[in-house]
Amino acid sequence: MSAPLLQVRDLQVHFPVFGGGLLPRQTGAVRAVDGVSLTVQRGEILGLVGESGCGKSTTGRAILRLLEPTAGQVVFDGEDVGALQGESLRKLRRRMQIIFQDPYASLNPRLTVGDIIAEPLATHGLVSGRDAQRRRAQELMHQCGLDPKFVRRYPHEFSGGQRQRIGIARALASDPDLIVCDEPISALDVSIQAQILNLLQQLAKDRGLSYLFIAHDLAAVRHLCDRIAVMYLGRIVELGTYAQICDDPRHPYTRALVSAAPVPDPEIERTRRRVVLQGEVPSPLSPPPGCRFHTRCPVRQASRCHDEVPALREVDDRQVACHWAHDPDVTGTG
Amino acid sequence: MSDHVLQVEDLQTHFHTEHGVVKAVDGVSFEVGRGEIMGLVGESGSGKSVTNLSILRLVPTPPGRFAGGRILFQGEDLLTLPEARLRTYRGNRIAMIFQDPMTSLNPYLRVSRQIGEVLELHKGIDRAQAHRRSIELLEMVGIPDPARRVDQYPHEFSGGMRQRVVIAMALACEPELLLADEPTTALDVTIQAQILELIQGLAKELGTAVVLVTHDLGVVAGVADKVAVMYAGRIVERGPVGALFSRPMHPYTRGLLASVPRLDTRGRLVPVRGMPPDLTTLGEGCAFRDRCPEAFDRCGQTPLWYGTRQRGAACWAQQRSALTMPAELD
Chain A
1 MSAPLLQVRD LQVHFPVFGG GLLPRQTGAV RAVDGVSLTV QRGEILGLVG ESGCGKSTTG
61 RAILRLLEPT AGQVVFDGED VGALQGESLR KLRRRMQIIF QDPYASLNPR LTVGDIIAEP
121 LATHGLVSGR DAQRRRAQEL MHQCGLDPKF VRRYPHEFSG GQRQRIGIAR ALASDPDLIV
181 CDEPISALDV SIQAQILNLL QQLAKDRGLS YLFIAHDLAA VRHLCDRIAV MYLGRIVELG
241 TYAQICDDPR HPYTRALVSA APVPDPEIER TRRRVVLQGE VPSPLSPPPG CRFHTRCPVR
301 QASRCHDEVP ALREVDDRQV ACHWAHDPDV TGTG
Chain B
1 MSDHVLQVED LQTHFHTEHG VVKAVDGVSF EVGRGEIMGL VGESGSGKSV TNLSILRLVP
61 TPPGRFAGGR ILFQGEDLLT LPEARLRTYR GNRIAMIFQD PMTSLNPYLR VSRQIGEVLE
121 LHKGIDRAQA HRRSIELLEM VGIPDPARRV DQYPHEFSGG MRQRVVIAMA LACEPELLLA
181 DEPTTALDVT IQAQILELIQ GLAKELGTAV VLVTHDLGVV AGVADKVAVM YAGRIVERGP
241 VGALFSRPMH PYTRGLLASV PRLDTRGRLV PVRGMPPDLT TLGEGCAFRD RCPEAFDRCG
301 QTPLWYGTRQ RGAACWAQQR SALTMPAELD
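Residue numbers (the numbering used here), protein chains in the order written: chain A, 1 to 334; chain B, 1 to 330.
It is possible that part of the hints are untrue.
[Unchecked claim] Simulated coverage check for chain A against chain B, where a stretch passes if three residues somewhere in it have a Cβ under 8 angstroms from a Cβ of chain B:
| hint | stretch |
| --- | --- |
| 1 | 195-208 |
| 2 | 245-258 |
| 3 | 273-283 |
Hints listed in this document are in silico derivations from the structure and should not be mistaken for laboratory results.
Each residue gets a CB set at the ideal place from its N, CA and C atoms; glycine is no exception.
Bound-form chain B, shown alone (with noise of 0.2 angstroms):
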């Protein structure tokens, strides 16, 4: 079938809180080729992060369900396959890159140990093969004088360099697809630049499908091939990065894209007014409408999907304008 090496459809993750069910991921849909990064936008709770964390099922359930939807890498559905055989694909075939490199170390570990321990799992080969490999590895990722480096701790390295370890790590296995989730948010821009740069190179190089998870709008335009911004649980818009940038659909991509400040200009802000809503008490009907400046009454149903698998938006005033005679409009 498709050369997609992860194709999620439909992709329900819901939260059983004592509020009520929040509905963290809501019909999420998207692919992913060999060697293409893909960019998922949105703010804090829009359900990125829950996205890419139930790709591995690494949601605690409960409070969390998979209430619906596939999640197929290289054919297979991660939500049905059996926990041990899922495990042989965690940091094997699949690895994860947290915001914060120390949620994925061990302090009390050398760091030959840490990217060590992977290949012997997952490669079974020994320690001395492994720490050989480990030195490779951190070469790789730029970390100067890895002979020496390789034994120390993780605490002996800069924010940067542990997310440099971590990306070693993830490596290790030369991994069909990557989740990556902020991965440079807590890193100064110049660190950033590096770190982008390297996971970049390795798309390009091993082919790995990267998921990139993101709020910076700057980011994405720089290293994704394609897009998705997610809002409120669902994706609101998708298309190619040129595109999304250049003719943005969505009224809260537009209002995103007219918002950050930029450095090669200084028009006004225009911010987006409002706050996100709460997803426990979100009903029927487009969960941005309140905020949205072009919201009509349409917009108290649920909008349904403008466009192509490619290239689209859930929004009823994209509709409209398609569908309006040109004697309609004012």
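Okay, chain A solo, but in the shape it has when bound (with noise of 0.2 angstroms):
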């Protein structure tokens, strides 16, 4: 197999926290992204799930740069992402692109849709002249599925939907390798979401595209991506293709998402065995000790779960995080 395009290894991203009266001291961090490492290849779409708060959006910026890591290195086709400043990490950002949850907030509001889309051609220099950088510009616009003549508009002249197109078209203006997808349709009414999931399907097809894609909607993730890796409070838990992961999931926080997961079929949804987690995700301020998912897990052992970590290891060619996934009878699996 070839060199990977994106390579994450023991990616961290701590927050500091400052407390204290007078003189404020840090007193301690949040661990929002504790030690993850993944990698996606060329033309694959990397599903990147779990719960708010579980980190995946922190981790998607991380690996942009749009925040500084703690620790960790991040890989993009052989370069070191981290240790480029300046003009090489400029360059390197066109090749890496993303489309943000919000089609509200994302949009310059005081920007026409033209200038919108052709600001990266401009900033990265791959189209000179306004006239052919329009033009550049409605061409993306068809290829989201948006009529170029509205190329004058603002974006408030636009419903959700349509926004999305506009960060997608603006996302491929740069004509990027890789586009970090941070919840882009759940903002979105129903009948649109899948609009523009079949859109990023589309385009990832024509174009050779990879996605990270970050949601906490499973059926979408599944619907769209060759593989998933699931977070909970920081770290990665289970990571494999999206059949293991949805029709097979290993890891007891993987097999409660699933089974939470609502599926639009009143015949299976009163038919099958829900795992229902008890309490809530504890705060990654002070995460608990030995496996993070321990206060809550169903299967929860006396031994080892509450004092040691369990690491990512292979078993039955996917990667699990926990210290019972070899052995059904513990997980009620196989």
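Hints in hand, dock the two standalone chains.
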């Protein structure tokens, strides 16, 4: 296999917490991302799922260096992203783009759609001349399902779904290899979500794009992604193909997540067994010792789970961070 | 007469704006019985939330106006009830839960005070009793360590726990009717499962009638007994949950179901084309016709209801396919 497009090794992002009186001093750290390793191959779509606060968006931003990682390495196409500065970092960013969740907040309301999409063309010196830039912007609009004749309109004149198309066109403008999609459909109406999912799928196929697709909706991730990584409290707990994760999950958290995701089919909904987790996600300020999931885990064991951090290990062709993943007597799988 | 807790008849809730009259709810009828959960499904702007707000007359007038219809609660029309009387129902016989728990919680008050207030107001019990009852209620909705938590402020609770507090408040007076507007939309799936289980338990054990407003078909499939699908201010299809999902009649319902990615299969998504219509410029005819793959000339007229009060759809194509002789089919 050729070298992966993106390789993330032991990524950590900690946010310092300050306390104390007159002279603030650091009293702790929110360990938002705490040792994440993953790879994205060329043309691959990797899903990153988890609940709010699990660190999935922070991971995406740290990969693009929109946030400075505390530790760890991000290698994009053989280059260490963390070591780059100034011009060389900017050059690399042309090849890594992002689509945001909120299509209302991520577009400059004072620029026309044409200017928004043309901005990366000018910034990276890809197309020169206003006319040529506008023409290119219109081509991109067309590819993203927007009518090119609206090139002079402003974001507020568009609906949520159309704005997300503008965000996608802008991300495509610099002809990237990797796009981090940070919850790109969760702010949209149901009938519009499918339009955007189909567009992203088509674009990936046509252009050989790779995505890191961040979402909390497991069904959407399953639909789009080749492989899926599941995060809990700053760490990956399971990573495998979409079928492995959704049809045969091995980590108790993945199992709970899969069983809790509603399926629009009353017969299935009423007959399937649901693992309802007790309690809430602990604070990342002071994550539990040992396995971070042990406070809510339905199959927690008296030994190991409390005091030994489970490593992400190979189990049946996928990676699982559970001491008992190989033991169907404990996990109830197999 | 009937054993319906709630019966909505031809409800019309309009808004008078500078761009014209918006018929946010345009002739909606449904009923919910004791212990029954009705899912009211639709996308943003379909009128599902305004329908729910209308039931407690929480729509600001003006710009809103109840232009017609009746809302019978245990046989009494809430639309003509004197305000003072209705106030004794709100939070007492009829409770409401919103998407964002902080819309219902006062950040300055301890949880005990917020729940206690409801009890003192409607049940006339004293503070000490109300405090004890608040602890019981928190325990009932699954908040750990309720005796300590009851004296905390809302900001000390997580999102899922806050929604439980709101549910505890809603349950304080054992309401006959619970109006829940996207109660789990802001919550994570594992927490959503807990809250839905709680609401279902209530309907079963206390016999509360529930109107569950949501955009999530999966949620409806899991907990609702029957479903009404709204589009542009009208109910376009209704039925028992099993029939509606297995044999959807309206092209919009079919479109919605085909556009939702599913966890159990990986089929192609067929999105509903286009966008929801602008309600200020909505004229005669079926509001869905511009997006409908089955639209024909008849759809320029407002569709009549096809079916019964329990099961049916507002669609000309349904009536045509039912009436057409086999020989006329291709």
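Do three or more residues of the stretch 273-283 of chain A come closer than 8 angstroms to chain B, measuring C-beta to C-beta? holds (count 6)
Does the stretch 245-258 of chain A contain three or more residues whose Cβ lies closer than 8 angstroms to a Cβ of chain B? holds (count 4)
Residues of the stretch 195-208 of chain A with Cβ under 8 angstroms from chain B, three needed, outcome: holds (count 3)
In terms of the numbered hints stated before, the structure departs from none.
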